[in-house]
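Engineer: Starting from the given sequences, assemble the full structure and let the hints guide the process.
Residue numbers (our numbering), protein chains in the order written: chain R, 1 to 539; chain E, 1 to 829.
Hints were generated in silico from the structure; no laboratory data involved. Among the hints, a few may not be true.
What the hints assert, rightly or not - Think about it this way: if two alpha-carbon atoms lie no more than 30 Å apart in a straight line, the pair counts; the simulated DSBU-like pairs of lysine-lysine are:
(1) R:Lys107 <-> R:Lys95
(2) R:Lys114 <-> R:Lys142
(3) E:Lys270 <-> E:Lys552
(4) E:Lys773 <-> E:Lys755
(5) R:Lys95 <-> R:Lys71
(6) R:Lys298 <-> R:Lys398
(7) R:Lys142 <-> E:Lys239
(8) E:Lys124 <-> E:Lys268
(9) R:Lys165 <-> E:Lys239
(10) E:Lys273 <-> R:Lys142
(11) R:Lys142 <-> E:Lys127
(12) E:Lys124 <-> E:Lys90
(13) R:Lys424 <-> E:Lys552
(14) R:Lys161 <-> R:Lys493
(15) R:Lys292 <-> R:Lys227
(16) R:Lys161 <-> R:Lys205
(17) E:Lys348 <-> E:Lys328
(18) R:Lys38 <-> E:Lys165
(19) E:Lys127 <-> R:Lys171
(20) R:Lys142 <-> E:Lys328
(21) E:Lys696 <-> E:Lys415
(22) E:Lys127 <-> E:Lys415
(23) R:Lys107 <-> R:Lys94
(24) R:Lys171 <-> E:Lys755
(25) R:Lys401 <-> R:Lys382
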Amino acid sequence: MRIIIAAFGFFAASSAVVAQPSGVDLTYWQDIRPIFRKHCTACHSARNLREIDVSGGLALDSFDAVKKGAKQSVLSPGHAEKSALYDLLVTKDKKKRMPLDSDPLSKEKIALVKKWIDSGAKEGTPPVEVATPASKKSATRKLDVAIATTAIPPAGAFGVKAAGKLDLAMKIGPLAPITAVAFNPSSTLLAVGSYGQVAVWDLVKGVPVKVLTNVLGAVNDLRFSPKGDLLAVGGGQPSAKGDLRLYQTADWKLIATLRGHDDVVFSLAFSPDGARLASASFDHSVRLWDVKAQATVKEYHHHSDFVYAVAFSPDGKKLVSASKDRTVQLFDVESGKSVFTFSGMDQDVMAVAFHPNGKSIISSGFEAAIYWWNAENGEKIKAQGGHGVATHEVAFSKDGKRVVSAGADRTIRTWDGTAGTVVKIMSVGSVTYAVAISPDGKRLASGSFDGLVRIWDEVSGRHLVTLLAIASDAEQPDWLAITPEGFAHGSDKLLAAAQWRVAGQAAASVPAWALLRQPSHVAGALRSDILPVPMFDKK
Amino acid sequence: MQPRIRLGLAGVLLVLLPLIATAQTFDPKQGKAVVANPPTAVLRKLTVFPAMMELVGPRDEHRIGVLGEYADGRSWEWTSSAKYASANAKIAEVDAHGIVRPVGDGQTTITVTAAGKSETINVKVSKAAADIPVAFTREIVPILTRAGCNGGGCHGAQHGRGGFKLSLFGFDPLFDHAQIVQSAEGRRVVLSDPERSIVLMKPALLMEHGGGERIAVNSREYDILKRWLGDGTPEPSVKDPEAASLEIWPARRIMVPGEQQQIIVKAKWKDGKVEDVTSTAQFDSLNEGVASVTPAGFVTAKGPGETHVMIRFMGQATVVQITLPYAKYEKYPEVAKHNFIDEKLVAKWRDLGLQPSALAEDDEFFRRMNLDTIGTLPSPQEVRAFLADKSPDKRAKAIDKVLARPEFVDFWAQKWGDLLRINRTSMNERGMWSFHNWVRANIRDNKPMDEMVRDIVTAEGSTYTEGPANFFMTANNAADWAETTTQLFLGVRIGCAKCHHHPFEKWSQDDYYGMAAFFVRLGTKNSQEFGLFGREKVVYLKSIGEQTHPRKGGLVKSRPLDGEAMDDPIDRRVKLADWMTASDNPFFARNIVNRFWGYLMGRGLVEPLDDMRATNPASNPELLDALASDFVKHKYDLKHLLRTIMNSRAYQLASTTIPSNESDAANVHYTRFTVRRLTAEQIADALDFATGTREKYLGLPLGTRAIQLPDTAVKSYLLDVFGRPPRQITCECERVSQPNISQALHLLNGDILNKKIGDPTGKIDGLLKAKQKNEQVVEDLYLSTLSRLPNQDEIDRANRWLREAPNTREGLQDLLWALLNSREFLFQH
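Structural biologist: Following this line, the structure appears as structure tokens:
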């Protein structure tokens, strides 16, 4: 007995130098997870489970996964010596000892794992999951966002002596890049996704109707359901979890959060009948969801790397997906069986679209050209056009007569839907991630790295309006809609803080806004009206 | 023994003087910490680095280094124990480590106090409060490089890691920026909330990261990355200034085990800005046994010897020399010197505490010198005559004599044949002979090396009539010609820079393609006249053609390494040759003298011989410089160079070690002659010579020696086994000198050797026929194998063996066999 006490005394004395966990009982989430994060879960994570040579089929990034083990249990609560989880940390066999090919864990950490198992391997409290507060103010300074216009006021206008270009500067940067744009089926609404938020614009009035902020991470894709009653939003936390949310467009209520992907959701597609939703994720998989039941119906594992894009065939029977693994896969929705693998690219394939006639598929990506594939025999039809550098998104018009593409060359381009020849090139001026063509075929929307959405006339290629919206702590978001001529409309707060400049010099606000704040012109521009040139006063 | 005693003493001092700043390291042999103490001699001088500093911008910082120099010749670093004070804390602040940071614009001074002395540094601060966005190329890429993100094993790998790829060591900032900010639609950055960016969370291990923790949360690196994200990830531009040069403090240190030293690195950018980059430079010790260095540039001296700490920053590289003397002499003994070579070597030995072995015996020197100069063993008569010569300058006379021998042409033409890769596969047989004979003529006429190389580099015309034109047959494009020319004649390997910046050197793609541009207008075609039946090729000049840059696009002007762009309306190679052979060219002469020094001394001053770069410094840079300038002064005369080396005392030293130089195990400092195996051709000819036979080489007349073979297509198993180079790549490493089991078996049991020994027209039968006395015969065998007379013990043993042998012939054959299998025969010593 005395010996035990002495030993205990020694332990207590030495504990002064060894960091001890705060709680009485060691738990997975509070004590063990931080150790695993540092040393184990780069390989042993749920997202690596499928890659046996990386994870060995064992995930350690959640308590349930640790309990589940691999083929066999790795944890026997109360008995560290009988647990493979402990044994593999201390084994003398260097080929087996974890972490593989690196130094063993420190004695303190191993002792902690042992103590945790011996004391019953308790779970503790998992961290609370919170959606990204999009309005969180950055600690860093705000940069100018300047929106140029085509107007050149004469010298003396708005109190500026020089003549020069008119622009509008706002200390709101850096803006989060626009990563997704989608028109609703009636072409009256535009949903815009950026980091942590979705802004929905009324395209008749040119004002935002709603800004959704309860979104996790960057919004990588957005889709309205074919009937227009739902908006699906895909995003997530990079390298951690995918996030897929369904909102009903009647009142913009969140009706479902669909979980299952282990990395961000990057692309979405509703089936033509609206009953199914397909999601492509960086976890290398594509999932099929039942929209009504809000549950996964199928998982498809045709790719060995990030899946960037997914699209339904017009008959809803097939899906096509594009991946960083340099392939495009066409597969059967029901059986999941691969129909064709389109390959031969040397670089990531980031965009894919099905022709509305169901006969051909187009894809593009870091490989500059747009590839045309025969969906019926799997052959390559042609590779032509493209953006010279990366193409981020491609889409067909509803009638199949046009293709629109967004590129890292800072342009969007339209192409003939049959010949594949270029029709129009529109200069966005910033790397463009997202593009959409309205179902009525009249307008295009582009979303780019500069955080701005631009609306274009499909036929003439004319730039109509630039849109910007940022969620704020106030009830109303800060927003602005501005035409290239300089006519603008926006939230009072933002307009008050915005500064008109002529030739780079501050212009007098009151006369400038008096002339340029013209909601009706903004609405007119969205209808492709030809606007008058602002009549500047030479005072 | 002396270092051991001093260590013991140091231990005592530690107990007595616990308050003195001490440095310690762990000696695994002793199992306890090795502690170094500051010198006890009088402080002579306190050096503070830098003399003045200019802080520009809010994030600039400069380190102060403090070094004391003592009367006993030692130095001691005081940086971490000095006291620092800023005269005006509203302008600049200084922390306990001597790091100065800006507070407000203006001028002030920092006072450094250490070892009872004080020094002041003028500090000028400007733009302290300026709103300067973080620059990607200048501030972010160095952080990623230092953290190892863009290393070849991580995201710098050809296909990146985990879907994230960066350019190797950050040589392409535009690409890296796009990868971080834009790829996967900005997955890695959250501009509105920088700390949510995975480009920060992963290296800080706030998220799982296969590469582990690379950047600590809230460290300076973390803050700068965060700040850059908050600044909206400003883009780099192709016009961003590049690092132009590095300044290092201290440039070299002589240290004792356990002593420590912080290295300070300053980068000068092409726009003139000087920045302290100690925190983002990379440090590597080239010999961990002598000194180790932490990633922060903190050196700990370990064991005796000399090493260099390699320092890299943004494509620039340099070294700090760290010397730990093998022994310390109160008074270094006087060592005889023959010429300037010995002067430079002795200076080094003095620093290192090494002493040279004794002078080699005459017979040993004579054999060595013959093999090195003409690849041929001296005849018994020559050896006897040399030994009998009593004149004091007989070695110098013998050197002159052997340099005039016709075999000199054979031996060195073959060496050049190796270097120039003269072979019939790429040049076809007539081209090969044409080039081979041209080289022979050059060696025979002792044509100055600069002229010979100029003729090669600017060669054009028929490969059958213009020998050197065949140089361009070993490749068929400008890039390969440039690579070969640079490696062969300048000793610089620029191959890495074809695809990315050289990892250990300053050479970039700009340099690589600048060299290639000299050759871009060169073409080869089949000859009109003789093309049909002779397969004759013609090297010709095209009037147009430009080199393009594969990454940046655009045309690249022809520009030699470290030189200015130069052009020529007709043949750019003429300008290249002018530059190469100019007397102030920093590469050409040093490359040639290093190679020939290496051939004669068994080890290059720079080793490998053809890998000359700032981070692979010469073991004796002063000697390399002196040899090069002497070579230039004597108009690139190869024979003069060889004569100078062979007349040095260093060349004539014995090959045995003595206690005061054995610790330099690799003989890096030439305190004795380096023992090495004979080359394949030397062995083949020596075997023929010793056995009195003549090997018949296919396609060549009987009597042709191995050192006369024009290329390596001439079949010979013996030559292949002993490592004759196939002449396929431009590398000194092609000639293999490592021993292998086939070599041993070939000599012990091989048919060829037994046939040669037993040849009825060979040595043994000749000696028997001459009916000489056994003593005479034994002497002759020793002289024609080991180039020396047998000693009494060897004579007695040989006689005993011959008496007991079944017959004299067999006895003598056995004796010859034994001699030919002895190391003394097979080695140059």
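Engineer: Now, for every hint given, state plainly whether the structure supports it.
Structural biologist: Now for the hints, and whether the structure bears them out:
no., hint, result
1, R:Lys107 <-> R:Lys95, "19 Å, holds"
2, R:Lys114 <-> R:Lys142, "49 Å, violated"
3, E:Lys270 <-> E:Lys552, "18 Å, holds"
4, E:Lys773 <-> E:Lys755, "24 Å, holds"
5, R:Lys95 <-> R:Lys71, "19 Å, holds"
6, R:Lys298 <-> R:Lys398, "27 Å, holds"
7, R:Lys142 <-> E:Lys239, "26 Å, holds"
8, E:Lys124 <-> E:Lys268, "17 Å, holds"
9, R:Lys165 <-> E:Lys239, "27 Å, holds"
10, E:Lys273 <-> R:Lys142, "28 Å, holds"
11, R:Lys142 <-> E:Lys127, "20 Å, holds"
12, E:Lys124 <-> E:Lys90, "12 Å, holds"
13, R:Lys424 <-> E:Lys552, "28 Å, holds"
14, R:Lys161 <-> R:Lys493, "28 Å, holds"
15, R:Lys292 <-> R:Lys227, "14 Å, holds"
16, R:Lys161 <-> R:Lys205, "35 Å, violated"
17, E:Lys348 <-> E:Lys328, "13 Å, holds"
18, R:Lys38 <-> E:Lys165, "22 Å, holds"
19, E:Lys127 <-> R:Lys171, "23 Å, holds"
20, R:Lys142 <-> E:Lys328, "63 Å, violated"
21, E:Lys696 <-> E:Lys415, "21 Å, holds"
22, E:Lys127 <-> E:Lys415, "61 Å, violated"
23, R:Lys107 <-> R:Lys94, "16 Å, holds"
24, R:Lys171 <-> E:Lys755, "94 Å, violated"
25, R:Lys401 <-> R:Lys382, "17 Å, holds"
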